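Chemist: Residue-level listing of the chains:
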Amino acid sequence: MADRTLDHDRAARRLWPALALPGTFWLIALFLVPFYAVMAVAFSGYINVFGEPIPAWNPLSWKFDTFTQVLSASVTGEYRAVWIRTGTYTVAALAICVAVGYPVAYYTARLAGKRRGLVLALILAPWWINYITRMLAWVNLLQDDGYVNKTLGIFGVAPISWLSGNAFTVVLALAYGYLPFFIIPLFASLDRIDQRLLEASRDLGVGMVRTFLHVTLPLSKIGLVTAMVITALPLTGDYYTNAIVSGSPNTTMVGNQVELFLLQGPQKNLGAGLVLLLSLVLMFFMAYYLVLTQRASRETR
Amino acid sequence: MTDVKAPRAAASPAAQPTRVPPWRNPWRRPYVLAGITWAYVVWSLVPVLVAVQFSFNDGRSRSVWQGFSTQWYCCADGSVGEDSSLLRALENSLILAGATVLIATPLGVMLAMGLTRWRSRASRVSNGIALVPLVTPEIVLGSALYLVIVNLYQFVPLGRPAMLLGHVTLSVSYVLVVVRSRLQSIGPDFEEAARDLGASPLRAIRTILLPMLMPSIFASAMLVFATSLDDFVVSQFLFGDASNATVPVRLYNAVRNAPTPALNALATLLLVASFLALVLAYVGLRTRRRGTKSALAELTDFG
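Chains as they are written, first to last, in the numbering used here: chain V, 1 to 301; chain W, 1 to 303.
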């Protein structure tokens, strides 16, 4: 009997690592090495005949001139306005997400009653609609002679040019695009709150507003922060929303600058430097999220 | 016997001891929240319906309705049926999504099984690496893959092969998360019982573990399919030349220059494809699911 168990253990010891191996190898080759390539390009000191950077694979030959240049341009120079704009748009779009998304998630999780399945399905529907399609839909609506301007015209508002460098349009489009991704994690967290706690608060004669502030909000705080981080990460790196609904240099975000350098010109080292800087800025949020989810999964275990 | 009525519940306001102001009354119906929610649903879905409507427009405008026609699906100049580049984009998207499912799902399921049951320091490190792609902004992943393929993995041509590698990297972590949560809730007892009864490790996985994991494998495969169809950034960095463009890339590149309702028709066809996949997933989960979880919950469970 003891022999058999020992045998089990030995086979299992080899089996589980063997199963994990291909995926681990894949992630090293196509996630860690690519990130190293970004550094190799950002820190390259030489360019070839096309003016493109020659990646420095050996860390000993890394040159930091270009990266320092990107850094100083971001802090004081030409990219300063771009970074500030990116931050402003992200904060504004997140504020809209919280203001609209929290009530929607709360209603769906706690109050929708027998319509809950329907509401949840409708809220999930945008997940299955292509992001670019959803933006294209707004381009149709916001044309100078589109439905939005026509509706405004009924109230005597002169047609507004929405699609040529309007910051308001960009922020609204970002909020529209990322709201579904904000609502679902928040919904999951609100859904887990014990109904009995809210009933206890109600039975003790506490009004709805105070119940919300002292029971619901503290219990959903982690869910809210998770949803905000999950939304803020792609939002900060977004460039396509902006390019579709504006396309003007007046609304350029960091992502647009990266795309410009990497795909439309030879100065890939500048682009790689910006990607590195963006990753550093976002690293804090990424780490925070990972710690949070690790803790949560340990608690459920 | 004839006219006996049940005593009616007190309905007059006078019967209540004190009048409660609406914001103090916890039993009030949540009209405001319901209003916000339904307004949000309308706001999130109606624009897409309008875009679908304009795919049937009888004219070149994408903002003024000129009557119903199916000319942008077939047979007008530049319609989806006539413009081979549009059809090709649809083909690229569907083939890519299918291939991504075929690679990412087994890879992720194996990774989930290995990392959940194999407890060591190495597995914890590997686990950490596997979760980072979930929180990496797509622009970072896209540009990193682009730079490594152009500079180091030069044997991988930009186009379908490069996009396939990118989409699998993007989606393998979703499979890991969905399947792992299921594995943890099942626990190791069932496969150990099978082993004690004399099954080989592989046989225990095949006959016990895989059938029990099936709902989550199915859900994650659909998630991978949707992720691949929806992806724009990674494709945009890796598609190479126009003949390899996927639908999102094609839409993006065309939306600013010379757009016609044919674009809306293309977007509508992609929409139909992903909703067919969703219906298939829902039906699949319904018939296969074991336990008490609803199919919808299974699909939302990774949040």
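No lab work stands behind these hints: they were computed from the structure.
Do not rely on the hints blindly, as some may be mistaken.
[Said to hold, decoys possible] Covered by chain V, according to a simulated footprint, are these stretches of chain W (three or more residues, beta-carbon under 8 Å):
(1) 78–88
(2) 136–142
(3) 227–233
(4) 238–246
[What the hints assert, rightly or not] Listed next, with one range per pair, are the computed distances between beta-carbon atoms:
(5) W/SER200 <-> V/LEU219: 53 to 59 Å
(6) W/LEU152 <-> V/GLY247: 30 to 36 Å
(7) V/GLN264 <-> W/ASP189: 54 to 60 Å
(8) W/VAL42 <-> V/ASN58: 56 to 62 Å
(9) V/GLN195 <-> W/ASP189: 28 to 34 Å
(10) W/SER200 <-> V/PHE64: 42 to 48 Å
(11) V/PHE212 <-> W/PHE155: 17 to 23 Å
Being a predicted model, the structure only gives us computed values, none of them experimental.
No residue lacks a Cβ here, since even glycine has one placed at the ideal position from N, Cα and C.
Chemist: Indicate whether the distance between the beta carbons of V/GLN195 and W/ASP189 respects the range 28 to 34 Å.
Modeler: 31 Å, holds
Chemist: Checking C-beta pairs, does the segment 136–142 of chain W have three or more residues closer than 8 Å to chain V?
Modeler: As far as the segment 136–142 of chain W goes, the hint holds, because 6 residues have Cβ atoms under 8 Å from chain V.
Chemist: Okay, W/VAL42 versus V/ASN58 on CB: inside 56 to 62 Å?
Modeler: 58 Å, holds
Chemist: Assuming the hint says 53 to 59 Å, is it satisfied by the Cβ distance from W/SER200 to V/LEU219 or not?
Modeler: Violated, at about 47 Å.
Chemist: Is 30 to 36 Å right for how far apart the beta carbons of W/LEU152 and V/GLY247 are?
Modeler: Roughly 33 Å apart at Cβ, these two residues keep to the hinted range, so it holds.
Chemist: Closer than 8 Å, Cβ to Cβ, for at least three residues: run that test on the segment 78–88 of chain W against chain V and report holds or violated.
Modeler: With 0 residues in contact (Cβ-Cβ under 8 Å with chain V), the coverage given for the segment 78–88 of chain W is violated.
Chemist: Can the segment 238–246 of chain W be counted as covered by chain V under the rule of three residues or more with Cβ-Cβ separation shorter than 8 Å?
Modeler: The restraint on the segment 238–246 of chain W is violated, since only 0 of its residues have a Cβ under 8 Å from chain V and three are required.
Chemist: Tell me if chain V covers the segment 227–233 of chain W under the three-residue, 8 Å CB rule, please?
Modeler: This one holds; 4 residues, not fewer than the three required, reach chain V with a Cβ under 8 Å.
Chemist: Could you tell me whether the CB distance from V/PHE212 to W/PHE155 stays inside 17 to 23 Å?
Modeler: 58 Å, violated
Chemist: Is 42 to 48 Å right for how far apart the beta carbons of W/SER200 and V/PHE64 are?
Modeler: Between W/SER200 and V/PHE64, where Cβ atoms are some 55 Å apart, the hint is violated.
Chemist: That 54 to 60 Å hint for V/GLN264 and W/ASP189 (C-beta), does it hold up?
Modeler: 57 Å, holds
Consistency with the previously given hints fails for numbers 1, 4, 5, 10 and 11, ordered from lowest to highest.
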